[in-house]
Amino acid sequence: MMTLKVNGREHQVDAEADTPLLYVLRDDLKLNAAKFGCGLGQCGSCTVIVDGQAVLSCVTPMVLLEGKQVTTLEGLGTIAEPAPIQRAFMEEQAAQCGYCIPGMMMRAQALLQKNSKPTDEQIRAELEPHLCRCGTHMRILRAVHRAARLMDTADASTTAKGSAR
Amino acid sequence: MRASARIIAGIAAVVLIATAATAFAIAWRPAIATIDPPGPQAFDTALVKRGRDLAAIGNCSDCHTLRGGKNFAGGLPVSTPFGTIFSTNITPDPDTGIGRWSEAAFRRAMRSGVNREGQHLYPTFPYDHFTNVSDEDDRALYAFLMTRQPVRAAPPENQLSFPFNQRLAIAGWKLLFLRHDTHRPDPKQSAEWNRGAYLVEGLAHCGACHTPRNALGAERVSAQFSGGDVDDWHAYAINEQSRSPVPWTADALFAYLREGWHPDHGTARGPMAKVVSNLSSVPASDVRAIAVYMAGVSDKPASARAEPNEAALARAGRAAQTNSAGASIYAAACASCHEGRRPLPYSGVNLSLSTAISSPDPRNLANIVLSGVDAVEGERSPIMPGFAASMNDEQASALLNYLRARFSEQPTWTDLKKTIADARRTQAVFLQTSPGPRNAPADPQQREKP
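Chains as they are written, first to last, in full-length UniProt numbering: chain Z, 1 to 165; chain E, 1 to 450.
Hints may be right or wrong, so weigh each one.
Partial pick of chain E residues on the chain Z-facing surface, computed with a CB cut under 8 Å [claimed, not checked]:
1) 194
2) 328
3) 329
4) 331
5) 332
6) 333
7) 373
8) 375
9) 378
10) 389
11) 391
12) 395
BS3-like, lysine-lysine: derived pairs with alpha carbons at most 25 Å apart [unchecked claim]:
13) Z:114 x Z:5
14) E:70 x E:49
15) Z:5 x Z:30
16) Z:68 x Z:35
17) E:418 x Z:114
18) E:49 x Z:114
19) Z:30 x Z:68
20) Z:30 x Z:114
21) Z:68 x E:417
22) Z:114 x Z:68
23) Z:68 x E:418
24) Z:35 x Z:5
Just so you have them, the derived chain E footprint on chain Z, three or more residues with Cβ under 8 Å [claimed, not checked]:
25) 29-35
26) 39-52
Calculated directly from the structure, the hints in this document are not laboratory data. All values derive from a computational prediction rather than experimental measurement. Note that CB positions come from ideal geometry on N, CA and C, so glycine has one too.
Using the sequences and the hints given, assemble the complete structure.
Structure representation (structure tokens):
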């Protein structure tokens with residue numbers, strides 16, 4: 001048994017040290033946003049955030065996660081209240097089959113947390129480990145830019161609310 | 001002023017002027033007249049084809065191409081202890097490249113590190129090796145470069161501090177360190193060996209990375225091939241000081257340089273990945289010659305390295321007991337590939353064969369554990385995921401210590417924390433600027449096309 005912190009909650013999971021995080025997320029915690037694509041850390045569809053960094057969960061064994069905070073797409077927002085990154089991807093209609101999109105969103109989210117106004121070039125470089133075979137790349141790029149703007153306004157409105165109180 | 005003081009001042013002035021005049025005479029190089037860009041039709045296709053192979057042996061594209069940039073258009077930052085130097089544009093663009101350079105100007109640059117305008121070039125451009133390239137080969141290289149796509153691109157200004165930003169200082173460097181004709185054929189050796197020596201000491205410039213440099217950035221002749229630095233990687237010792245667990249042979253070197261991997265040594269990666277990628281496309285006879293010559297350099301293995309299995313097993317057991325964190329990370333994150341049944345190069349190498357783990361310098365192991373091995377576009381290639389995002393410094397350090405203790409007989413590395421922090425920082429930059437290995441055409445027919 002080990003403790004795994006996911007989306008702000010602690011879970012007791014019965015997993016071996018070498019079990020990939022992705023299996024625990026999907027099979028034990030039923031968090032199915034992160035996808036199994038290649039299982040070799042080559043396609044990006046399993047990406048989640050661990051301590052602020054985008055991580056390929058299919059090649060990350062549980063032993064590396066002791067004391068770390070895992071965030072999955074489910075932890076960012078809900079259908080009723082999508083997070084800026086989720087809203088942006090919907091508004092830009094960036095998904096076709098959608099299989100790669102949760103991974104794309106998670107790495108984009110990690111990027112935006114570090115760099116709130118990335119350039120086109122920085123987004124392309126950052127998302128390079130992700131494969132999309134439908135070819136919605138241009139929409140994904142636009143969605144990340146849109147998310148950056150949404151987060152910017154969200155921050156501004158939060159600050160405004162804060163100061164009004 | 002007293003007479004004696006005046007005489008002293010006079011002598012000092014004369015000495016100063018004479019020194020300045022001598023320095024000027026030594027340092028000054030005339031410009032070579034511009035030519036009208038000759039255009040691709042001016043060159044014989046067979047010559048261009050030979051130039052193409054030679055450029056691959058010289059690994060020219062590695063420094064003269066920026067990731068995402070056009071071939072040979074330069075702009076790659078090369079960090080040196082003296083500052084950052086940006087590679088130049090060697091496409092035939094008339095204004096920003098070498099389009100107006102005559103063959104004589106090109107040959108002078110290769111042989112003595114002076115550009116067409118007469119400025120001294122920094123020895124980041126390895127003319128201390130290229131001085132050995134024959135007129136014939138320079139002609140072919142020139143023909144190849146002058147028939148490439150011209151690209152208009154001026155490299156950024158070098159970022160060097162005084163006095164290194166003074167190009168005249170390079171003249172002094174050349175006086176001290178640039179030797180011409182450092183390669184002479186040895187009639188006692190085979191033609192193949194001599195061909196290899198010509199390539200290794202000249203165009204292939206192996207020593208530029210694999211030989212350590214002195215405080216002024218010149219290769220230490222007395223320590224040739226005993227290991228150097230490149231792009232924050234350690235270029236292994238490839239002489240008798242090699243730490244490769246299995247000694248290199250000419251056959252192994254040939255296979256490694258040609259295919260990019262060997263079952264006894266693993267896969268070429270880091271800056272060497274580009275070298276082997278280039279060598280995969282040149283005539284096999286040249287790669288064979290390089291292998292034969294280098295095997296002669298390294299055929300004195302440092303130690304008898306085949307050890308009894310029991311000793312290795314006992315060591316592995318001890319390592320696991322003293323470093324259980326490292327052992328469990330290895331078992332969970334590494335063993336499934338490095339102890340798997342898939343054959344090389346698509347599995348991980350048996351780590352007891354790893355030179356990185358036996359090397360005195362831990363940087364290569366840190367670089368590879370953190371950044372992995374990227375797939376080569378367009379071909380089957382070895383891959384490894386990087387663990388930079390999923391391992392924190394303590395975990396990476398525990399793993400590296402465990403690998404060292406279990407898979408080598410060498411003493412513990414010190415200051416791994418710093419190595420790991422440096423690897424995180426430098427590899428992020430390296431992977432963004434370096435063009436990475438290109439896929440070699442699988443079909444040899446394609447290589448006939450210049």
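Here's how the hints hold up against the structure:
Given the 8 Å rule on beta carbons, the hint for residue 194 of chain E is violated: about 44 Å separates it from the nearest Cβ of chain Z. Taking 8 Å as the C-beta contact cut-off toward chain Z, the hint placing residue 328 of chain E at the interface holds, the least distance being around 5 Å. The beta carbon of residue 329 of chain E is positioned within 8 Å of a beta carbon in chain Z (closest approach about 6 Å), and the interface hint is therefore held. Annotation: residue 331 of chain E was flagged as interfacial toward chain Z, and the flag holds, the nearest CB pair being 6 Å apart, inside 8 Å.
A hinted interface residue such as residue 332 of chain E counts as satisfied when its beta carbon comes closer than 8 Å to some beta carbon of chain Z; here the least separation is about 4 Å, so the hint holds. Among the interface hints, the one on residue 333 of chain E holds; its C-beta lies about 5 Å from the nearest C-beta in chain Z, closer than the 8 Å criterion. At about 11 Å, the closest approach between the beta carbon of residue 373 of chain E and any beta carbon in chain Z exceeds 8 Å, and the interface hint on this residue is violated. Hint status for residue 375 of chain E: holds, given a least beta-carbon distance of 6 Å to chain Z, under 8 Å.
For residue 378 of chain E, the shortest C-beta to C-beta distance to chain Z is roughly 14 Å, which exceeds 8 Å, and the interface hint is violated. Taking 8 Å as the C-beta cut-off, the interface hint given for residue 389 of chain E holds, the closest approach to chain Z being about 4 Å. Interface restraint check: residue 391 of chain E against chain Z, minimum CB-CB distance 6 Å, threshold 8 Å, status holds. Contact between residue 395 of chain E and chain Z, as hinted, is supported at the beta carbon level, the nearest pair being about 6 Å apart and thus within 8 Å.
Between the alpha carbons of residue 114 of chain Z and residue 5 of chain Z the distance comes to roughly 22 Å, so the proposed pair stays at or under 25 Å and holds. Note on residue 70 of chain E and residue 49 of chain E: the hinted pairing holds, with a Cα-Cα distance of about 20 Å set against a maximum of 25 Å. Restraint check: the Cα-Cα separation between residue 5 of chain Z and residue 30 of chain Z comes to about 14 Å, which is no more than 25 Å; the hinted pair holds. Distance restraint check for residue 68 of chain Z and residue 35 of chain Z: the Cα-Cα separation of roughly 21 Å lies within the 25 Å cut-off, and the hinted pair is therefore satisfied.
At most 25 Å may separate the alpha-carbon atoms for a hinted pair to count; residue 418 of chain E and residue 114 of chain Z meet this at roughly 23 Å. For a cut-off of 25 Å, the pair hint linking residue 49 of chain E to residue 114 of chain Z is broken: about 48 Å separates their Cα positions. Distance check on the hinted pair: residue 30 of chain Z and residue 68 of chain Z sit about 19 Å apart at the alpha-carbon level, within 25 Å; holds. Pair hint residue 30 of chain Z plus residue 114 of chain Z does not hold up; C-alpha atoms about 29 Å apart against a cutoff of 25 Å.
Of the pairs offered as hints, the one joining residue 68 of chain Z and residue 417 of chain E holds, with about 20 Å between alpha carbons and a cut-off of 25 Å not exceeded. Only pairs whose Cα atoms come within 25 Å are accepted, and residue 114 of chain Z paired with residue 68 of chain Z is accepted, the gap being roughly 18 Å. Straight-line distance between C-alpha atoms of residue 68 of chain Z and residue 418 of chain E comes to about 22 Å, which keeps the hinted pair within the 25 Å bound. Distance hint between residue 35 of chain Z and residue 5 of chain Z is fulfilled; the C-alpha atoms sit about 19 Å from each other, no more than 25 Å.
With a cut-off of 8 Å between beta carbons, the region 29-35 of chain Z has 0 residues touching chain E; three or more are needed, and the interface restraint is violated. With a cut-off of 8 Å between beta carbons, the region 39-52 of chain Z has 5 residues touching chain E; three or more are needed, and the interface restraint holds.
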